[in-house]
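S.K.: Sequence:
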Amino acid sequence: ASEAQTRLLTSLSGARDALRRLMAPPVFEGDEDRTLLAGLLHPILLSTLLGVALYAGIAPVHRERLTLAYTYCGAVGMLATVLLVATRRGHVRASARALVAGIWLVLVSGAAVSGGVLAAAFSGLLIVVLFAGVLLGPGSALFTAALSIAAGAVMLGDPRPPPGTAENVRHQAFLASTVYMVVAATLL
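Convert by adding 250 to the 1-based position in the sequence shown; the result is the number in our numbering.
Hints are all accurate, no fakes.
Distance ranges between label pairs, derived from CB positions:
id, residue 1, residue 2, range
1, V363, V432, 23 to 31 Å
2, Y305, R338, 19 to 27 Å
3, L316, P388, 35 to 43 Å
What the hints contain is simulated information worked out from the structure, not anything from laboratory work.
Please read these numbers as outputs of a predicted model, since none were measured by experiment.
No residue lacks a Cβ here, since even glycine has one placed at the ideal position from N, Cα and C.
Let's have the full structure, built from the sequences with the hints guiding it.
M.R.: Structural data, given as structure tokens:
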């Protein structure tokens, strides 16, 4: 019995060490900038994976557009997994760019399919602008903000109103988000 307990404790200890290695961001000897960027990007990717798992768990509660919800969850989950591997292999800057572009595309396409500008899409785009600024610099934040504002303006012209959203609420959300994105990108 003691030999079985020893093997169990050894395997648990190995699993704990593997989990610690997974949770720790990669360190690139002699490249402080890449190590710092990886330190920022790594927890964002891990929390994205957690968010995808949680959202996929609650998606059946809504029952509407379940296939679409699982498609987006799968796309974001695969993107985050691929980017985690790429980050660990040293492709940190490319991973940061792909994360910002991928999440931006998922949010904009989700809002467009759902019938136009949604408050959830704009709050997500605000986060993407912040990601772009923190991970890629202020120029990328301004570019992402401008792209998000343009996409929002196009979606405002969509004749299909989002369910339960008045027209003035759509415009107010667009204006508030526009001001916030420009100010946040400028501050970054």
